[in-house]
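Visitor: For the record, the sequence lines run as chains A, B, C and D. Using our numbering, the first residue of the first sequence is number 1, and each one after it goes up by one. Using our numbering, the first residue of the second sequence is number 1, and each one after it goes up by one. Using our numbering, the first residue of the third sequence is number 1, and each one after it goes up by one. Using our numbering, the first residue of the fourth sequence is number 1, and each one after it goes up by one.
Heads up, a few of these hints could be off.
[As the list claims (entries may be wrong)] Here are the simulated lysine-lysine pairs, BS3-like style, with alpha carbons at most 27 Å apart: (1) 119(B) with 103(C); (2) 589(A) with 92(D); (3) 297(A) with 309(B); (4) 167(C) with 275(B); (5) 167(C) with 146(B); (6) 467(A) with 146(B); (7) 122(C) with 275(B); (8) 119(B) with 122(C); (9) 7(D) with 105(A).
These are computed hints drawn from the structure, not numbers from a lab.
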Amino acid sequence: MRIGVFICHCGSNIAGTVDCAAVASKARAYPDVAYSTDIMYACAEPGQDAIIAAIKEHLLTGVVVASCTPRMHEPTFRKTVERAGLNRYMFEMANIREHVSWIGKDIEANTNKAAELVRMAVSKLRLNRELKPKSFPVTKRLLVVGGGVAGIQAALDAADAGLEVIMVEKQPTIGGKMAKLDKTFPTVDCSSCILGPRMVDVAQHPNITLYAYSEVDSISGYVGNFDVKIRKKASYVDWSKCTGCGLCTEKCPSKKSYDRFNEGVGPTTAIIIPFPQAIPKKASIEREYCRQFNTGKCGVCAKVCPTGAIDYGMQDEFIDAKVGGIVAATGYDLMDWTVYQEYGGGRYPDVVTSLQYERMLSASGPTGGHIKRPSDGEEPKDVVFIQCVGSRDVSVGRPYCSGFCCMYTAKQAILTKDHIPDSRSYVFYMDIRSPGKGYDEFTRRVQEEYQARYIRGRVSMVYPKGKKLIVRGADTLMGAQVEIEADLVVLAVGAEAAEGAPHLAEKLRISYDSYGFFMEGHPKLRPVETNTAGVFLAGACQGLKDIPSSVAQGSAAAAKALALLSRDMLDSDPQIASVNLNRCVGCRKCIEVCPFKAIQEIDLRGQPKAEVIETVCQGCGLCNATCPQGAIQLSHFTDNQLLAEVEALCRF
Amino acid sequence: MSGAAFGYFPGCSGLGTSLEYERSTRAVCRELGLTLWDIPDWNCCGSTPAHTVDPVLSAALSARVFAQGARAGIRDVLTPCPSCLSNLRNALEHMEDELFAARVEALTERPLEAGHSVKSVLQVIVEDVGLDKVKERVRRPLTGLKTVPYYGCLMTRPEKIMRFDDPENPQSMDLLLQALGAQVLPFPLKVDCCGGSLGIPVRDSVPRLAGRILELAGELGADMVVVACPLCQMNLDLRQGQIRTRGLDYTIPVPYFTQLMAYAFGLGDEEAAFKLLAEDVAPAFSCMRRRAEEIKAEEARVAALAAQKAAARAGRGAQSRANGAAGGEA
Amino acid sequence: METVLLNGRDDAFIRAVEESSGQVVSRCYQCGNCTAGCPMSFAYDYSVSQVMRLIQAGQKDAVLSSKAIWLCAACNTCSQRCPNEINVAGVMDACRQMARREKKFAVRAMRAFVDAFLDSVKFNGRSHEVGIMALYMLYTGRVWTDVELAPKVLPKGKMPLLPHRIKGRSEVAAIIDRYKQGLSDPELARARLAKDAGEESGKGKEAVS
Amino acid sequence: MSVLKEKELRVIGFLCNWCSYGGADTAGVGRFAQPTDLRIVRVPCSGRINPLFVLKALLGGADGVLVSGCHPRDCHYAEGNFYARRRLEVLKGFLPVLGIDPRRFEYTWVSASEGQRWQHVVTTFTANIHALGPASFSPDAPELEILNAAAR
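Required output: the full structure, derived from the provided sequences and hints.
Guide: Below, the structure written as structure tokens:
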């Protein structure tokens, strides 16, 4: 074998703390190394050209590039060697940037470590074999999980491009958080006027099948061919008959149900249509509040329903679907702010969340768009907004900035003035984060034009005194403790990944961070892809973002899905397991451990043997580590290849 | 948990300004079957001043207390005073650090073995004895007494060291007072600072801070502010006159929770020791008795009404056919 | 106000505060929650968050000569509510102890009160309220402090005029004396621990060989 | 292998591609300084790790071996890390039989987002190995031959 080694400087990123020329010269002594050099930017066009030239000039049969992480540029360099006529798997990378030059400043130690990583790569490459992908057909259908604004955008873009789309939404209506908002910043235009038509488009689009009040139950398969099981939750109303007339909701005698859509601002009935513009506009029964279910006596909705749609015996229903790609757009939820006992922990009715306040502002909300104190229904005059409740707060495990609170608080202060002209708004903030088009101008307007009183500081405590709430805070710019006698306190509660997000991530086999946000493939270059091929991200599920960004990411995810599903055939990854039939004794251990059911038993002249189903194998190598005979080997990560790396490091 | 024994550390104020806390605590513990062994020849824990000077000095004073206990075979210490508790706890916590322990030993010149613990009387009654046992022991329930519990800042803070109840909204005294039959008003300032030991050097502090607490208690219509800390008690009760000269316009008694327990347990005046308080409890108790009678009368009225209704319903059932639709509900 | 020359940041001071308090002051992002909740704010010259800022800026003189560090009631409200989990009260403690060592007493009454208290403990082994008040009046010259309270407590026996003296008061006095002689110095203790460890590991080696 | 005398010990890491290798990358991108002793072998999944690899490394003269995979329930391959945990638990119990201090082998879970956690894991593990000092093994350890035979 003739191996070429290229040590990348990555400008000064590597060369700053690694003597690249020394590493290249050490590599010349490694077995089978025919050529070794250092190179300024291996990934740049001149760098790639130099690699190709060297392969041709020195008749190289394998290449090692020591540069950044293979998670970044392995695909790049594989294409490079392919262009020079080599098989793409005759290539190895040594990660001397993320794992060496960026984590230590000791040039001697770094240079030595880099040389050893190159040695490991060379040792492995010597055992590499040419691998060839197989191709398989693609199911041209997209699953969108979540019907908020990001999911709606992704679904409509994909459907408009001609793709079949299945949308699954957990709640009885799509629209997500945006549907709950009264107005949007920085234009203060009506939220439901912008979103409503898009929701209708989803319902009417010939390419979109909507499953509301449904959840993804399980997912199997792989890119191009996922098998999805959808659980349609029992709504106890036959939606094929329900016309959304709302008679049942008027007559329902159980009037103290928690109103999920309205964030608990005022009660609702046990049978509900979440809001007038709901899509689908169908009724559903909240079992825990329904008299029929709790006492066995009632049946009012069944009696009044003109189409006989009520079905108390309804069961969850399962739907199987085959899709080629998946967009996760599950959004966010507010964190449980009741951990803030110093703000009452939920004991004081006139301390509300920003989303509750949004419902109070909304003309279609439970107060008809009148701002009223929950305690006594009176109109508040002094409204205090507290920002960063559950954001940027290590003590409650939420160190991150939620990103949109500064802006919606400014918007809510403006709306407060619009609703109650003689009111006074006070905003406690730590920093005003408004880096968007027209955003900072907006936060100036609220102070200059609307006279909102911005106070730089946090609030230590809120407590009731008579009819007022005493807000004890600080104005750090004055360096003083301040107190406000408030009528209403609005908490800008921090957001977190939607409830159940980690659970869905496990089904999708994508990673999530410690706060439940899904991990993108690369923070800069693969912001909507995940590390699982065929699964894309849109909206706040990937990281908190406002409406424009969510919409943009929804479109981006659709574009990525379209690029994938525009092809008729996909290449399978050849880094999969294969069985050496001579060694296999048919013990079935590999079949038992395989998480993908990718191994089956076959009969070879009366002997039981294992066989890998190539399109199903995902290349985890569990079988390889399990096989007592070493008969089943994961291509490109065989026992011998990995041991060669270990041996390159061993003393003996 | 009856029959448990603790080394008892009354704290210096127990011999002086909180004599009533001391007496009622001993009586209540006896009634609940807790045996208290006095730590022989105990010394002052140093309180806030020692801690202000140096935590090592403070810990050294605490270490002598533990060592005195250990000599008498006592490991688990009980104290009524949150300030003492805080010092003793902090000492144990800090001395987990080798260097800190070595510095303490340089002052005490006797090494302290491990295995000591210290708890407050409130914690032991609520967590170890249990409120059911307290309830069983009640002979004179405090029905009709409106109370606000005031915990002060030291009982639950710092959270990591005190490890007791919620640091912002503690419940233990609330539940205890309810177990005694009293009405407990939600009190948002239950962990606000009363001024602590700054009452002497910064005269303005206590009227201001304790005043705020007393004012809200009054607004809520409380008969009593119930406390667990000698320093708080002194600021709220003894200095109430000073606070009144600064604008507080009423008086309110500030007993320790143990005094109310002693009363509810039916113990004698000597042990409840209400006489030692600066502000008189008598008006509050007469309010309580009046309200208790009102409650009793109301209960009787409701019961009678219910009986009447039941009888009517039974009668109506029998006559329903004869009476037809004549029966209207009262 | 004086111009503060930021190049002159006293890093040794920052380190000393951090070491003594066990807190990392750069974690403070100046939200002001400590100031907002501090019961003694009204009496401070610098608010708590300003003290934290001054420490971050290495302004040793301003911090150690501030009144704030003496007036902290140690109620821990700031530490409890700090979003960055800084034990702010611990930082105030550390500064006060440092000021005491450097003989800076911005609030004389506090020093007098602490001295009176410790002297009482030293004489008796326990604190004695009447004694403390007497000493405090002596140290401050504020003869009429709280005398109006006396009629309320003296007749009830709640303020015994004579102290309770313990048998082991000489032990307690010795602790305080040793402290004043500087025997609890961390360097001394560290040296002693190192010596002990040396002996230990010496033994260990023998055991192995 | 030539470790820097007096400076480094031989520490080998087996990291799954999806979580821990990504975590180590994240630590690098964040410039979280770490000791230089560790050399990382990338595997698709911690479930791919044959305990023999670890033994081979330890008997071959490594002073410490660190295995890191995805957090439980967050495996890219659904349940690979679960198998890894069971196998490596057995291995840890087996090490003293071979005369290897089990503290020389550690396994942990680090996700791709946990750069700081990775820094902490590497720093602590390397410090622990330095506290144990270099492993004392002779090149002609009979176990090694048996193992070599088994691995072929």
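Visitor: Does residue 122(C) pair with residue 275(B) here, judged by a C-alpha cut-off of 27 Å?
Guide: With Cα atoms ~32 Å apart, residue 122(C) and residue 275(B) exceed 27 Å; violated.
Visitor: Assess, step by step, whether the Cα of residue 167(C) is no farther than 27 Å from the Cα of residue 146(B), and give holds or violated.
Guide: violated, 45 Å
Visitor: Is the Cα-Cα distance between residue 7(D) and residue 105(A) 27 Å or less?
Guide: holds, 14 Å
Visitor: For the pair supplied as a hint, residue 297(A) and residue 309(B), confirm whether the alpha-carbon distance does not exceed 27 Å.
Guide: Within the cut-off at roughly 25 Å; holds.
Visitor: Is residue 119(B) within 27 Å of residue 103(C), Cα to Cα?
Guide: At roughly 36 Å apart (the allowed maximum being 27 Å), residue 103(C) and residue 119(B) break the hint.
Visitor: Below or equal to 27 Å on CA atoms is what counts here, so check residue 467(A) against residue 146(B).
Guide: holds, 20 Å
Visitor: Hey, residue 589(A) versus residue 92(D), does the alpha-carbon distance stay inside 27 Å?
Guide: Given that 27 Å is the threshold and the Cα spacing comes to 22 Å, the pair holds.
Visitor: For the pair supplied as a hint, residue 119(B) and residue 122(C), confirm whether the alpha-carbon distance does not exceed 27 Å.
Guide: Holds. Residue 119(B) to residue 122(C) sits at ~26 Å (cutoff 27 Å).
Visitor: So if I understand the rule, the pair passes when the alpha-carbon distance is 27 Å or less; does residue 167(C) with residue 275(B) pass?
Guide: Between residue 167(C) and residue 275(B) the Cα gap is close to 32 Å, so the pair fails against 27 Å, i.e. violated.
In this structure, the hints that do not hold are numbers 1, 4, 5 and 7, in rising order.
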